[in-house]
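Chains as they are written, first to last, in my numbering: chain A, 1 to 261; chain B, 1 to 363.
It is worth saying that the hints were derived from the structure and are not from the lab. Everything numeric in this text was worked out from a predicted model, so none of it was measured. Treat the hints loosely; a few may be bogus.
To be clear about the criterion: a stretch of chain A counts as covered by chain B if any three or more of its residues have a C-beta under 8 Å from a C-beta of chain B, and this derived list gives those stretches [unchecked claim]:
1) 158-165
2) 168-176
FRET-style restraints, in silico, Cβ to Cβ [unchecked claim]:
3) A:LEU250 <-> B:PRO73: 46 to 54 Å
4) B:SER166 <-> A:LEU255: 53 to 61 Å
5) A:VAL117 <-> B:LEU74: 52 to 60 Å
6) B:ASP206 <-> A:VAL100: 29 to 37 Å
7) B:GLN86 <-> A:VAL100: 28 to 36 Å
8) B:PRO73 <-> A:VAL117: 50 to 58 Å
9) B:LEU172 <-> A:PHE158: 27 to 35 Å
10) B:HIS93 <-> A:LEU61: 51 to 59 Å
11) A:VAL100 <-> B:ASP360: 49 to 57 Å
The following residues of chain B were derived to be distant from chain A, with all beta-carbon distances above 10 Å [stated by the list, open to error]:
12) GLN86
13) THR111
14) LEU172
15) THR302
16) TYR310
Glycine included, every Cβ here is placed at the ideal spot set by N, Cα and C.
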Amino acid sequence: MMSHQPGLFARGSAWVVALYLLLPISIILPVSMTDQRFLSLPREALSLQHYVTVFGSPEWLASIWQSFQIAVVSTAIAVVAGTLCAIGCWRLASRATNLVRALMLLPIIIPSIVYAVGLYRYFAGLDLLDRFMGVVLAHGVTGIPYVVITVSTALAAFDPRLEQAARGMGASLMQTLRWVILPRITPGILSGAIFAFIHSWDELVIVLFIASRDVFTLPRRIWDGINENLDPAMAAVAVLLVVFTTGLLLLDLALRRRRAE
Amino acid sequence: MSAAGHSLALRGLSKRYGSFTAVADVSLDVGQGEFLTLLGPSGSGKTTILMCIAGFVAPSEGAILLDGQDITPLPPERRDFGMVFQGYALFPHMTVAENVAFPLRVRKMGTAEREAKVRAALDLVQLSAFGERLPRQLSGGQQQRVALARALVFEPALLLLDEPLSALDKKLRAELQDELKALHRRIGRTFVNVTHDQEEALSLSDRVAILNHGKLIQQGAPAELYEAPRTRFVADFLGKSNFLAGTVQEVFAGGFAIGAGATRVVTASAELPPLGSQALLSLRPEKMALLAEGETAENTVTGSIASWSYLGAGYALNVATPDFGTLRITLPSWNAPIAPREGLPVRLGWSATASVPVLDDEP
Ligand SMILES: Nc1ncnc2c1ncn2[C@@H]1O[C@H](COP(=O)(O)OP(=O)(O)O)[C@@H](O)[C@H]1O
Ligand SMILES: [Mg+2]
Chain A
1 MMSHQPGLFA RGSAWVVALY LLLPISIILP VSMTDQRFLS LPREALSLQH YVTVFGSPEW
61 LASIWQSFQI AVVSTAIAVV AGTLCAIGCW RLASRATNLV RALMLLPIII PSIVYAVGLY
121 RYFAGLDLLD RFMGVVLAHG VTGIPYVVIT VSTALAAFDP RLEQAARGMG ASLMQTLRWV
181 ILPRITPGIL SGAIFAFIHS WDELVIVLFI ASRDVFTLPR RIWDGINENL DPAMAAVAVL
241 LVVFTTGLLL LDLALRRRRA E
Chain B
1 MSAAGHSLAL RGLSKRYGSF TAVADVSLDV GQGEFLTLLG PSGSGKTTIL MCIAGFVAPS
61 EGAILLDGQD ITPLPPERRD FGMVFQGYAL FPHMTVAENV AFPLRVRKMG TAEREAKVRA
121 ALDLVQLSAF GERLPRQLSG GQQQRVALAR ALVFEPALLL LDEPLSALDK KLRAELQDEL
181 KALHRRIGRT FVNVTHDQEE ALSLSDRVAI LNHGKLIQQG APAELYEAPR TRFVADFLGK
241 SNFLAGTVQE VFAGGFAIGA GATRVVTASA ELPPLGSQAL LSLRPEKMAL LAEGETAENT
301 VTGSIASWSY LGAGYALNVA TPDFGTLRIT LPSWNAPIAP REGLPVRLGW SATASVPVLD
361 DEP
């Protein structure tokens, strides 16, 4: 007989894993509040000076703003394309659409560095290197899988008779989509949007390849900062990043909970 | 609401899924303002026929005519039929009033007119007080009525109902049956209903079409089907029936006699079978009587009570007979002529008009 209470071992390993996941993040917090002028743990006192530096630095602010813009536009692309793809596959529901759905997951399956190298070659020819539009396209396309997955999951729970009922009452395809299908799958779309946003917000590998000077996202600036000078401002930015992302995930959780009610 | 019923006709309707035939060559006419029920066991193709009429399933063969016009190629949204789905298919994210308003919103009707119609439809199903609720805050019977209101609010040419009452408990079902029937009388529209419940079919419909394995077996008014079933399946599916098998021994004007063992039974019949052929008679349990000492009848059979049950309003006796196996007979329990007891010898009697010859389609 299995007991429903987790055993000591299971409990212990769960905590180890949780700590393993949390420790690297938790070290960032004290480092970001160091009173020293280089990347280190605080010696004498806690200080917010590096946060002040970040918010006073045009470079950091520009990167934050640029990352935000890229994330917003690429999320829009991912949401529209991913939602339409998921709805189309759901309506047609054949072996071919299963293949299409699998294809849509490629950006998750293929290592991003491989993807980035490929993009680099194509974007060179299209004059999209180091362009806002280029990064937006790259992030938008690689964000599609998250939306396809969450929207497909929402659609799987959608009662197909509701669509029949709507059409039987004279609703056109667009009316059915707008009034019946979309309201039922909005939570799935929002979840997908949040993940697509986070994906773009902290994406580094692709940006390293297809952007250089004009497009300088937040992860990119952190990366350069680590390579060039060990400025503790990076730790402050990292904390801000983590806080923002956690906020988005909590929002997703709250939305799901509301849906479950 | 105007009382403009429309007529519907199915002509040689068939639907095949691969090599499987779900509906086989069904032809049917539904008159203006008629309440037709498609009755059959589960899997007999009822829903498929209804879905063909609604336009969600394309027939493999045959045509669907509305007032004589071929509508077979029309998509569902252009047919203007109201439909109550199995399980109702109410929009869970809309209130009752929004659900009912949906077909009007689709038709871009003005707000004032729309609200008036929604109110009238909710009045019709006695749910005026529930407009602001969500479907999940309603009981099954109330949801069913919302589905009815939603299907009727746009004054459809035809109302299609797929097992509208099957999800409800017995008492509620009986109540809503009465309501549905009254509603049909009041608005005078053409209804096509699907059910596997023979009582519901008998009590609601002007006409019943009985289906089995995708084929139309017999259609007619409920009483006609009950009193004159053409096949063993119909007699068995609509109500209960005894079946008497024997050889035709004598044919006379308006009937014939069959013999089985030492027993001879006469039946009225319009069609007369050849002498010596095998015949099967359907005999309803309530059309036999227990005979007292010295009492006679056109047909009599002796036997003994094998088992019996008390049904409140009546008794059901299973009487073992030497030549016809076990015969079921029901009698009123009020002033019953005997106190039933196992092994009690009894004599059963019935008239020649009580039985009907049927085709043996289910060996
Ligand atoms: N889409 C389909 N594909 C294959 N077989 C189907 C499909 N729809 C219905 N059938 C089959 O057709 C037969 C009739 O189904 P249905 O019309 O739903 O019966 P009923 O409503 O009388 O219970 C059943 O045997 C069912 O399995
Ligand atoms: Mg059915």
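Has the hinted range 27 to 35 Å been met by the Cβ atoms of LEU172 of chain B and PHE158 of chain A? Since LEU172 of chain B and PHE158 of chain A have Cβ atoms about 28 Å apart, the given range 27 to 35 Å holds.
Count residues of the stretch 158-165 of chain A with a Cβ under 8 Å from any Cβ of chain B, then say if the count reaches three. Per the Cβ count (5), the hint holds.
With d taken as the least Cβ-Cβ distance between THR111 of chain B and chain A, does d exceed 10 Å? Consistent with the label, THR111 of chain B stays out of reach of chain A, its closest Cβ about 16 Å off (over 10 Å).
Go ahead and decide if the range 51 to 59 Å is satisfied by the Cβ distance of HIS93 of chain B to LEU61 of chain A. Violated: the Cβ-Cβ distance is about 41 Å, outside 51 to 59 Å.
Can the suggested window of 50 to 58 Å be confirmed for the beta-carbon pair PRO73 of chain B and VAL117 of chain A? Holds, since PRO73 of chain B and VAL117 of chain A (Cβ atoms, about 53 Å apart) stay within the stated range.
Over 10 Å to the closest beta carbon of chain A is the bar; see if THR302 of chain B clears it. Non-interface label stands for THR302 of chain B: nearest chain A Cβ at 56 Å, farther than 10 Å.
Interface-negative label, LEU172 of chain B against chain A, beta-carbon threshold 10 Å: 22 Å, holds
Look at the Cβ atoms of LEU250 of chain A and PRO73 of chain B and judge whether their distance stays inside 46 to 54 Å. 52 Å, holds
Assuming the hint says 28 to 36 Å, is it satisfied by the Cβ distance from GLN86 of chain B to VAL100 of chain A or not? Holds, at about 31 Å.
Count the residues of the stretch 168-176 of chain A whose CB lies closer than 8 Å to any CB of chain B, then report whether that count reaches three. holds (count 6)
Okay, SER166 of chain B versus LEU255 of chain A on CB: inside 53 to 61 Å? 36 Å, violated
CB of ASP206 of chain B to CB of VAL100 of chain A, is that within 29 to 37 Å? 50 Å, violated
The structure fails hints 4, 6, 10 and 12 (numbered hints given earlier, in ascending order).
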